[in-house]
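As they're listed, the protein sequences go chains A and B. Mapping of the first sequence onto this note's numbering: residues 1 to 344, in sequence order. Mapping of the second sequence onto this note's numbering: residues 1 to 468, in sequence order.
There could be a bad hint or two in this list.
According to the in silico footprint, chain A covers these stretches of chain B (three or more CB under 8 Å from chain A) [what the hints assert, rightly or not]: (1) 375 to 386; (2) 392 to 406.
Just some of the chain B residues that point at chain A, by a computed CB distance under 8 Å [stated by the list, open to error]: (3) Leu32; (4) Arg34; (5) Ser389; (6) Gly411; (7) Arg412.
Cβ-Cβ distance ranges computed for the label pairs, FRET-style [as the list claims (entries may be wrong)]: (8) B/Pro67 with A/Phe16: 32 to 42 Å; (9) B/Asn401 with A/Val27: 44 to 54 Å; (10) A/Glu317 with B/Thr171: 43 to 53 Å; (11) A/Ser289 with B/Ser427: 32 to 42 Å; (12) B/Ser377 with A/Gly7: 42 to 52 Å; (13) A/Lys4 with B/Ser377: 55 to 65 Å; (14) A/Asp307 with B/Asn368: 53 to 63 Å; (15) B/Asp77 with A/Lys45: 32 to 42 Å; (16) A/Asn321 with B/Asp403: 20 to 30 Å; (17) A/Leu11 with B/Arg42: 25 to 35 Å.
Hints in this document: simulated from the structure, not taken from any laboratory. Quick caveat: nothing in here was measured; it's all calculated off a predicted structure. Built from N, CA and C at the ideal position, the CB exists for glycine as well.
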Amino acid sequence: MIWKRIGLKELNLPEFKEYKNEFIPNVNGMNMKIAKTSIGRVYTKLDSYRGLGEDLEQIPQSNHNAGFELKVDDNATISEPLLINYHLDMNNPVLIDNNLIEAGKNSILTLIFDYSSDDTIDLFHDGLTNITVNENATLNIIKIQRLNSFSHNFDTNILNIKDNGVINLINIELGAKITAVNYTTYLNGENSTADLNSIYLGDGERKLDLNYAMIHKGIRSVSNIESKGALKDNSVKVFRGNLEFLKGARHSKGSESEYTTLLSPSVKSDSIPALMCHEDDVDGNHAVSVGRIDENKLFYLQSRGLDELSAKKLIIESSFNPIIDKIPDENLKRTILLELERRI
Amino acid sequence: MEKKKTKVKDIDRRIYDIKNELNYSFKTDSGLTRDIILDISREKNEPEWMRDFRLKSLEIYSQKPFPKWGADLSDLDMDNIVTYIKPNTQMKNDWNDVPEDIKNTFELLGLPQAERESLAGVGAQYDSEVVYHNIRQELVDMGVIYTDMETALRDYEDIVKEYFMKLVPPTDHKFAALHGAVWSGGSFVYVPEGVKVDIPLQSYFRLNAPGAGQFEHTLIIVEKNSYLHFIEGCSAPKYKVNNLHAGCVELFVKENATLRYSTIENWSKNMYNLNTKRAVVDKNGTIEWVSGSFGSKVSMLYPMSILRGEGARSEFTGVTFAAKGQYLDTGTKVVHAANNTTSTVNSKSISKDGGHAFYRGLLRVSKNATGCKSTVSCTSLMLDNESKSDTLPIIEIDNDNIDIGHEAKIGRISDDAIFYLMSRGISEEEAKAMIVRGFVEPITKELPLEYAVELNNLINIELEGAIG
Chain A
1 MIWKRIGLKE LNLPEFKEYK NEFIPNVNGM NMKIAKTSIG RVYTKLDSYR GLGEDLEQIP
61 QSNHNAGFEL KVDDNATISE PLLINYHLDM NNPVLIDNNL IEAGKNSILT LIFDYSSDDT
121 IDLFHDGLTN ITVNENATLN IIKIQRLNSF SHNFDTNILN IKDNGVINLI NIELGAKITA
181 VNYTTYLNGE NSTADLNSIY LGDGERKLDL NYAMIHKGIR SVSNIESKGA LKDNSVKVFR
241 GNLEFLKGAR HSKGSESEYT TLLSPSVKSD SIPALMCHED DVDGNHAVSV GRIDENKLFY
301 LQSRGLDELS AKKLIIESSF NPIIDKIPDE NLKRTILLEL ERRI
Chain B
1 MEKKKTKVKD IDRRIYDIKN ELNYSFKTDS GLTRDIILDI SREKNEPEWM RDFRLKSLEI
61 YSQKPFPKWG ADLSDLDMDN IVTYIKPNTQ MKNDWNDVPE DIKNTFELLG LPQAERESLA
121 GVGAQYDSEV VYHNIRQELV DMGVIYTDME TALRDYEDIV KEYFMKLVPP TDHKFAALHG
181 AVWSGGSFVY VPEGVKVDIP LQSYFRLNAP GAGQFEHTLI IVEKNSYLHF IEGCSAPKYK
241 VNNLHAGCVE LFVKENATLR YSTIENWSKN MYNLNTKRAV VDKNGTIEWV SGSFGSKVSM
301 LYPMSILRGE GARSEFTGVT FAAKGQYLDT GTKVVHAANN TTSTVNSKSI SKDGGHAFYR
361 GLLRVSKNAT GCKSTVSCTS LMLDNESKSD TLPIIEIDND NIDIGHEAKI GRISDDAIFY
421 LMSRGISEEE AKAMIVRGFV EPITKELPLE YAVELNNLIN IELEGAIG
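Isolated chain A, as found in the complex (with noise of 0.2 Å):
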């Protein structure tokens, strides 16, 4: 299904390959605990496949070349935000990172991840996060995609929240010749909160295939997607919004809405926004909208001395700022800035 949409006929995935650089800062001792992942070791088995397949899901479930472990204890506010930093280079191209990540009780952590890469190769990234947040705790989770324009990029986070629970998403994919990306949220505890913000960029010949999905289960649960992007030249994206209100699910909230920005006539953007309910007593809608930028916008900052390229970033920009702002991190912040501003 995901491969009709962007077009994607078949892969090659590459062959096992260890990953050698360094990426878990030392943080044992500060109520925390990280370690590798063993290679070899199941840690999340996924019983049904959620959106990437069998085949791209199953890789990184058994076969990962890299991943943490990483358990917040209870109680433990942690101020610092902890940066994930993986790297792909010509001597590790293939990164399958494995990741469970457990917040305790009454915990706070930020977390940011950042996938990047310097060399113009071929380069090969399949990711699976399992993130469980306990009992109101609260979690901010950050990923940042800036692969190169040759990469593919595969990424399945399943998230579990229990009571009074909160996480909080962000999403940004700028990178990869083929991006995409699967986060399944359960919202199984009373009162569980999720946020999932995304923001992307589609420029060249970059498709994105997203996939966002809350799955209501607790009382009283409330989650929002919201995602905002912008496509140029050839660029293809698919958006799928999945909205679902299990039974008992009572007095739950949910919305989704994406608004997505064209800026050439050849780029292609498909949006699925699904909202299923089988629970009465619930809130649950979507919206979607695709266009232009909005020309009376573009005359009134053109009337003020901007030319049109200008006008328009500055719009984008905007869009997008809310979002980069919450990153914790003043080097990424400016990278990303950078980055969009070089792209627009």
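Go by the hints and put chain B onto chain A.
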């Protein structure tokens, strides 16, 4: 505080459930074979090309798989479906000549009365053949053709040959192929250039025989600058065996013409309603769909508008009401294939008592269709938590010069709204009733209710203030 719920009654089905004794002059065996197709074609005395078309469709049918998405069709056994039942009468143009039992059925459904009062023409199909067809003389004088498909094939063979299953080819999907093989009955309408038919035409399709299928074909051509409102009604009594309806509707809207196509579908709850409807609209033409899906056990119905002329327009207004035991998978498809085309979709669904309403939609803007605008709005109301309500819209955009908006909402009756109305002195019961009525109002106001008593019965959703 315990939340209270409004009870909404099922639609009163007594009128629809009246069964007549099976009285036919010709009936094929159940199932689907080459011989059966040849029998049907021979019985209808068809031209050779149509017989060959049927046989070819049968071939396609046997090669096509069942759809893997949507409804569960495992209960539908084609070997037990009788595809052709000819009632024991010829087509009449006076109700008094129609056999008493058949006439009474349509009398109860309010059709003759509606014809006298507010329709310009009526067609009535009973099982596989049209038993009554009539059109006002002044329309005939203007050159409007309104007749059953068999007569059209005989008298206007060239037109039928040019258009028949060109928009929905048998290769489209399995049930289109089935339709191509066993189609029977249906209506043919031709409105010449510049003619505005200001009073609606209505065809009514009634399936009386148990374990049978109805495969009527509707072909409407509205020429340049013309106008037509066509109403289609369907019903059947309930049996313990499954019935199948796989009709096909092809609408050709020429330059500057407008066609409004209203359907009230109230099949019984043993019916598989797998219907295909499609319109192609030329420059500055308009297609308006008004669609009410109330009956059937399983429905898969997605009227499609292909906007191929510059400035063409489509409007879709639909209500789906899924009650106990029903899986109604409905929606609409719009293809913007020319510049500056516009479309509006407004879909409402209600599910209750374990009913499952599924909105499935497609909106596609082709590569060279610039300046297109579309708004889609889907709203679902769930009346209890035994029911299910799903929304799956697909939006495919292939160029940047467009303006697309889509919205969907699911929920139940809001306590705030009830509280507000109560604060204005309205009783709780009435407040809830008002909200449900208000919810379906966009479609009730589009429906030509005064035209037929039957339509009225359907929309008149009875509200009872019972609380609990």
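Against the structure shown, which of the earlier numbered hints fail to hold, in ascending order? Numbers 3, 4, 12, 13, 14, 17, in rising order.
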